[in-house]
Amino acid sequence: MTSPAAAVITRFAPSPTGHLHIGGGRTALFSWAYARRHGGTFLLRVEDTDQKRSSEAASRGILEDLAWLGIDWDEGPAFNRENPDGSTTTLGGDPRTVGPFYQSDRREVYDPFVYWLLERDLAYPAFDTPESLTAMRQQAEKEKRTFAYRRASGYDRDAALARMKAGEPCPIRFKMPAEPVRFRDEVLGEITVSSDELDDFVIRKADGYPTYHFAVVIDDELMGTTHIMRGQEHLNNTPRHVALMRVLKHANGTPFRIPKFAHLTVIANQDNSKMSKRDRDKAARAKCRELGIKTAPDVHAKAAGHTLAAFDAVAPADFEKWLGDKTRQLETHALEDLASVIGIDLPEIAVDDFRRSGYLPESVLNYVSLLGWNPGEKDAEGKDLERFDTAYLIEKFDFDRVGKSASKFDRAKLVAFNQDAIARLTDDEFLTRWAAWARRDDRETLDRIGIERVKLIVGAIKGRCKTLKDVRAVVSFAMVDDDGYEFNPKDVEKHLKADGGSGLATLAALATKLEALPAFDVQSIDALLDGHAAESGLGMGKIAQPLRVATTGGSVSPPLGATLAILGRPSTLARIRRCVGHAAG
RNA sequence: GGCCCCGUCGUCUAGCCUGGUCCAGGACACCACCCUUUCACGGUGGACACGCGGGUUCGAAUCCCGCCGGGGUCACCA
Numbered sequence: 007m008t009s010p011a012a013a014v015i016t017r018f019a020p021s022p023t024g025h026l027h028i029g030g031g032r033t034a035l036f037s038w039a040y041a042r043r044h045g046g047t048f049l050l051r052v053e054d055t056d057q058k059r060s061s062e063a064a065s066r067g068i069l070e071d072l073a074w075l076g077i078d079w080d081e082g083p084a085f086n087r088e089n090p091d092g093s094t095t096t097l098g099g100d101p102r103t104v105g106p107f108y109q110s111d112r113r114e115v116y117d118p119f120v121y122w123l124l125e126r127d128l129a130y131p132a133f134d135t136p137e138s139l140t141a142m143r144q145q146a147e148k149e150k151r152t153f154a155y156r157r158a159s160g161y162d163r164d165a166a167l168a169r170m171k172a173g174e175p176c177p178i179r180f181k182m183p184a185e186p187v188r189f190r191d192e193v194l195g196e197i198t199v200s201s202d203e204l205d206d207f208v209i210r211k212a213d214g215y216p217t218y219h220f221a222v223v224i225d226d227e228l229m230g231t232t233h234i235m236r237g238q239e240h241l242n243n244t245p246r247h248v249a250l251m252r253v254l255k256h257a258n259g260t261p262f263r264i265p266k267f268a269h270l271t272v273i274a275n276q277d278n279s280k281m282s283k284r285d286r287d288k289a290a291r292a293k294c295r296e297l298g299i300k301t302a303p304d305v306h307a308k309a310a311g312h313t314l315a316a317f318d319a320v321a322p323a324d325f326e327k328w329l330g331d332k333t334r335q336l337e338t339h340a341l342e343d344l345a346s347v348i349g350i351d352l353p354e355i356a357v358d359d360f361r362r363s364g365y366l367p368e369s370v371l372n373y374v375s376l377l378g379w380n381p382g383e384k385d386a387e388g389k390d391l392e393r394f395d396t397a398y399l400i401e402k403f404d405f406d407r408v409g410k411s412a413s414k415f416d417r418a419k420l421v422a423f424n425q426d427a428i429a430r431l432t433d434d435e436f437l438t439r440w441a442a443w444a445r446r447d448d449r450e451t452l453d454r455i456g457i458e459r460v461k462l463i464v465g466a467i468k469g470r471c472k473t474l475k476d477v478r479a480v481v482s483f484a485m486v487d488d489d490g491y492e493f494n495p496k497d498v499e500k501h502l503k504a505d506g507g508s509g510l511a512t513l514a515a516l517a518t519k520l521e522a523l524p525a526f527d528v529q530s531i532d533a534l535l536d537g538h539a540a541e542s543g544l545g546m547g548k549i550a551q552p553l554r555v556a557t558t559g560g561s562v563s564p565p566l567g568a569t570l571a572i573l574g575r576p577s578t579l580a581r582i583r584r585c586v587g588h589a590a591g
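Numbering (my numbering), first residue to last: 7 to 591.
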C-alpha cells in the first residue's frame, strides 16, 4: 500500500477564454497520464479570475474538448460524457471536498491568506497610479535593466493600511524576499533566479479577485497538488510562486509544500511562430487579399455551390473591419464558410478544430504525445516505437524522457497517423465514427448521402480517407443531381470519342447489362464488369474509364463497383444516358 | 534590451548523463520504381542532419569554454 502522502495528485488548470489549445491538450494529457500511471488523482480547475476574458461557454467548451479526447478527470466540474454505447459517464465531482473548482467561486478562500500576509508585512497595499508604473518601467528600460517593482523606501505602511481599511480600492503586492530563488524542474533541471529579477508582484487585484500567481499557489496547496505540469511560458513565473510557497502557512502553522514542477516546451508553427487561434483568421485574411476580396458581396460572387449561412450571420461591415484588422477574429463557422469559398484549409489550432476537421481523438493524442516526449522503445522490427494508445502512454510516461527543446507542429505527420488509425478501424467502427462526427460537423453529407448509402461502399472508401471529413470529397460526385455535373472535355475525348467512339459503344452495352443486373451492389457490379471484360476482350481500362466519365464527369473516382453502387441503378442509368447524348451531340 | 530556457536530416526524434559498437538509427514529408480499371492504398529503393570555432582525449554528436542562432518572459492576463 502506498501511504496517502505519497499519492500523486496532478491537475490541469485552463483559463476559459476559448476552446482548448492543442498545446493545452498535451499538458492535460501528460498530467492525466502521470496521475493514472501512479494510481493518483487528476483534477480539473477552471482559472477564471479574469472577469473580462472568461466565459461560461468557453469553460463548457474546454470540458467537452477534454472529454472528446478521452481525458477524464476525477475531481472538478461535473460533466456528463456520452459514451459510444449510448450510456453516459459523469466526470468530475468532489470526493475530498477540496472544491469548488471555479476560482471565481473561491474568492473567500484566498482572502484569509492575503490578510495573514498583510499582518506580517509580507504583503502590502500599493497605491501607484498606472502612469507612475509606466514611468518606472520606461526608466528601467532606458537603463537597460529588468524592471522589477519594489516597495518604495519611503513607504508609509500605517497610512497605506488605513487607506485600504477606509475602502479605497487598491492592489495588494507580495513583498518579495531578497534572496535568490532556486528550484528544481523535473525536465529542465536546476533553475536559479536572482532576486534582482523578482518583483513585488500583485497577489490581489483592486477588484478583489486574486491574481493568477496567488490563486494557483493557494489552490494547488489546498487541493494537494503534488506535480505541476504546464507550458514553458510559465517558467518565469515559477520563482514567484516558489517564493510565496516558502513564506505561506496554514492557520494551524503548517507550511505550504513545494510541489514538483515540469515545464513543457512550446509547440510552434512551421515558421517558428507560436500557434495561435488568430492564425486561422490570418490565413483566411491573406487569401482574401490575394483574391482581391474587399467586401461581403465579393465573397458571394465566388460562392458558387457553397453554403454561407454562418458567414451571412456576420454583418458585412464587421467583415470589412475584420479584413483590415489583424486583431479581429471571425466566428468559427463563418470563418469556415469563408475558407471553403476561397479554397483554403484553415490551420487547426484548438482541439476542437482537429475534431471538426475529422481527426480521431486517438491519433491526435498519439501524435501530440510525441511532441516533446517519446517512449524510447523499439517495435518488433527494431524501429522506434511511435504508434501507441493511451494505455501504453500511461504505462510509460515519465519526466525523464520529456524533451527540452521546442517542437514544431507537423500537420502532415498527424494526417499520416490519422490515416493509419482510420485504416485500422473495422468497417462498422468507421461507419459509427463517421456518423457520430457527421451529425455534429457535416450535416450536409449526412443528409444528402445518408448513412445507409455510405454503408454500401464503406469498404471501398475507408482506405481513401485521411480524415472523416474526406468522406465528403470521396462521395462528392454522388451529392450532385444526375444532370448537375459537367463532363470533362479532355476525358470525354480520350475515353469516349477516341478510337471511333469505342468507349460510347462500350457504354451502351454496359447500360443494357446494368439494367438487367439482379442485385445492384458492389460485388455484383464488379462481377459484371469482369465478365464484360473477358467476353469483349477489352482491357479493364477500356471499360472502367468510360463508365467513370459518364457517371462522375471525370476520370477519377473510387473503384467502379462502389461508384455505381452508391449512385444506385436509376442514377447510374440516367447518367450514362445523359452522357451518351452529350458525347453524340 | 534584461533575465530564463534551448540547439542532431525539411519536420518530430533515437543516441548525449555512463566518450569508441554512429562514415549517426527510426518516423513523417520528398524523389524513383513496382503493383493497379482512374485516384488513392500498399510494396521496394533513394536522397537528407550532429549550428560555428576552440579545447580536453589515442578517440567527441557525446565532456569544457566561447560565439552564433532560436524560443520564452518582462501586466491590477492567465
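No lab work stands behind these hints: they were computed from the structure.
Beta carbons: idealized from backbone N, C-alpha and C, even for Gly.
Please note that a few of the clues may not be correct.
For each label pair, taking beta carbons as the anchor points, the in silico distance ranges come out as [as the list claims (entries may be wrong)]: (1) 479 to 575: 56 to 62 angstroms; (2) 384 to 411: 42 to 48 angstroms; (3) 349 to 12: 52 to 58 angstroms; (4) 539 to 492: 49 to 55 angstroms; (5) 411 to 168: 36 to 42 angstroms; (6) 575 to 323: 34 to 40 angstroms; (7) 168 to 140: 25 to 31 angstroms; (8) 349 to 140: 19 to 25 angstroms; (9) 194 to 259: 41 to 47 angstroms; (10) 456 to 495: 41 to 47 angstroms.
Each hint tested on the structure:
no. : hint                           : in the structure
1   : 479 to 575: 56 to 62 angstroms : violated (24 angstroms)
2   : 384 to 411: 42 to 48 angstroms : violated (23 angstroms)
3   : 349 to 12: 52 to 58 angstroms  : holds (56 angstroms)
4   : 539 to 492: 49 to 55 angstroms : violated (28 angstroms)
5   : 411 to 168: 36 to 42 angstroms : violated (52 angstroms)
6   : 575 to 323: 34 to 40 angstroms : violated (51 angstroms)
7   : 168 to 140: 25 to 31 angstroms : holds (27 angstroms)
8   : 349 to 140: 19 to 25 angstroms : violated (46 angstroms)
9   : 194 to 259: 41 to 47 angstroms : violated (33 angstroms)
10  : 456 to 495: 41 to 47 angstroms : violated (32 angstroms)
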